[in-house]
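Listed in order, the protein sequences are those of chains A and B.
Under the numbering used here, think of the first position of the first sequence as 2, with each following residue one higher.
Under the numbering used here, think of the first position of the second sequence as 11, with each following residue one higher.
Hints were generated in silico from the structure; no laboratory data involved.
Backbone N, C-alpha and C define an ideal beta-carbon position, used for all residues, glycine too.
Short derived list, chain A residues pointing at chain B, Cβ under 10 Å:
(1) Lys79
(2) Ser82
(3) Tyr83
(4) Pro85
(5) Ser88
(6) Arg90
(7) Phe92
(8) Ser95
(9) Met102
(10) Gly103
(11) Arg105
(12) Leu149
(13) Ala153
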Amino acid sequence: MNIKLLVENLEFSYQSVPILSGMCMDVPKGSLVSILGPNGSGKSTFLKCVDRILKPQKGVILIDSEDILSLGRMNLAKKISYVPQSSVRVFPHSVFDVILMGRRPHLGWMGSDYDEDRVWDVIELLGLEDIANHSFNELSGGQQQKVLIARALVQDTELMLLDEPTSNLDIWHQLDVMRIVAELVSRQGITALMAVHDLNMASRYSDRIILMKDGIVHASGMPNEVLTEENIADVYGVKADVHVKEDGIPVIIPYQQIMGGEFKRITVGNGVTVT
Amino acid sequence: MSDQYQPVPETADRGRMTVNEKLEKVRREHSQLMGRKIAFIGLIVVIIILAVGFIITLGPLGMTIPQVYQTLLARFFPQFITMDPVFEQVVWNIRFPRIIGGIFAGFGFGICGCVMQAVLKNPLASPFTLGISAGAHFGVAIAAVFGIAIVGGAYLLIVNAFLFAMLCSFFIVSLASLKGATSETLILAGIAVNYLFSSLSQLMAYFANDEQLRLMSLWGMGDLSAFSWSKFGLFVGIFAICTPILLVKARDLNLMTIGDDTAKSLGVDANQVRMLTMMVSSMLVATIVCFTGTIGFIGLVAPHMARILIGTDHRILIPASGIIGACLLICADAVAMNIIGPTIIPTGIMTALLGVPFFLYLVLKGKRKEFWQ
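Take the sequences, apply the hints, and build the full model.
Put into structure tokens, the structure is as follows:
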């Protein structure tokens with residue numbers, strides 16, 4: 002199998018709080034890989050390290066067998082695109098302008114007709130015609146997420162990183178976004194690495210799943226290998242029923258928190274602590 | 011706006027030949043919008059040229075608008091047009107320089123405000139609200155009091171103003187990069203810096219002797235009347251260096267308004283761009299402040315007007331902010347000069363008086379939609 006992204010022994014800490022403590026993983030070319038894990042397990046931090054938004058203290062990240070540190074920032078932007086969870090929305094950019102920003106690594110000051118054509122292609126591909134001239138800030142969460150994916154698409158990279166693209170979306174839009182990403186992977190040969198919260202979404206769409214806990218990989222592999230009752234209990238502290246459907250896709254039904262151990266203290270509304 | 015489901019068509023080959031009428035329509039709308047935006051900048055330039063003609067007619071020596079343009083043209087084509095030397099004296103040495111000064115100052119404050127708002131992602135940023143004007147001003151005061159009465163002082167003044175403007179910029183940028191620093195923190199700090207340096211400047215006035223006071227009021231505490239042809243070269247030089255640098259960074263500024271992370275992931279080193287553009291802006295602000303004093307309103311408001319009128323692409327937005335700033339400033343200055351007879355109201359007061367109602371109108375009208383749609 003062809004390896005697109007290889008990460009070895011990655012360590013990162015904010016001030017002295019360790020976030021990633023020796024991550025190792027790889028992403029096969031042309032696959033959709035989901036990173037799962039509880040809040041604070043280091044998913045977003047990990048993606049930011051891969052895209053050099055954050056600088057890890059230790060470890061090696063190779064894309065197409067090249068160290069990302071040896072590539073300039075602009076060259077890296079031609080290889081990896083990044084879809085943030087949300088966008089800073091201080092000024093009212095039009096949707097077209099937001100998507101055109103994705104062409105930045107490829108163009109000079111003026112830009113060319115090709116860049117604009119590329120933007121219109123992607124607008125058509127994702128069905129964003131109706132909102133192309135609208136203000137980005139006025140869009141619903143689902144539409145904004147699609148626009149951010151469109152921006153990553155015009156960047157024309159082979160690897161796309163997505164940071165929780167489905168959080169804050171209703172189930173229709175969650176499916177919409179996941180389907181778009183899955184189709185990009187299967188039709189256009191893009192490799193996608195995605196941080197997700199929803200276990201079932203990940204299970205349904207991913208080729209492989211990486212389960213993170215406390216800054217390291219707890220388990221990785223096919224959805225039905227990783228999403229087991231034991232792993233979910235270990236990582237999330239949640240009791241869940243896992244049913245494997247006929248097509249081999251596990252369906253997860255969480256029903257109870259596991260009390261005791263490190264999950265003992267849970268704060269409920271009004272600051273009351275339940276033990 | 012409908013949030014309708016648009017299925018991705020099943021065809022794998024999505025060549026440019028696909029006839030999609032809706033897409034074509036949107037594309038057409040988009041290019042029309044671009045055309046209108048560029049036409050709008052042209053319109054403001056025309057307004058400025060007309061305004062210049064009109065403003066020069068105002069004053070004790072009456073003249074007509076055609077006479078003004080003739081006098082200005084006579085300078086460039088003396089073989090074709092000859093004018094009364096009195097006219098030439100009044101237009102060319104008294105009234106026109108003031109307007110040129112106003113155009114430079116308004117343009118400079120406009121583009122600096124625009125750039126600062128972008129790199130700090132803060133709509134309240136401007137040379138004035140961040141305390142950078144006040145810093146530059148203090149630099150001038152210091153230079154005036156501690157010995158620049160000697161020849162060649164002008165450059166020392168600017169260098170000094172620049173150093174203090176940079177000090178403020180650096181303070182603001184480091185503050186902005188702190189974790190947890192919000193836009194409010196930034197503006198509060200800016201206002202604090204503003205007060206600190208204004209007070210220090212005023213304090214300097216108590217230590218100054220008459221000659222130094224005269225220098226201080228001549229440099230930096232004056233208004234547009236302090237501009238003269240002798241300073242023209244210096245202005246042109248500094249603007250000719252600084253403006254292109256900011257324009258070259260226009261695309262990067264677009265990216266920075268939507269977040270440093272995104273900018274970095276698109277290949278732009280956000281911190282580097284921020285330092286460079288803040289430095290260049292500080293240089294511009296320092297130069298303007300040296301010659302015209304601090305004029306607060308323009309740098310804050312011109313970029314917002316431009317943004318409401320022509321959108322957020324900095325390739326057009328930067329020049330538009332500058333041109334709108336220039337237009338605002340010369341118009342306000344003309345009113346300030348003439349509204350109550352021989353008394354001249356300080357330019358800054360009139361800028362705010364005229365600018366605020368117009369600005370509020372645009373804010374209210376532009377709130378819901380982009381202005382053109």
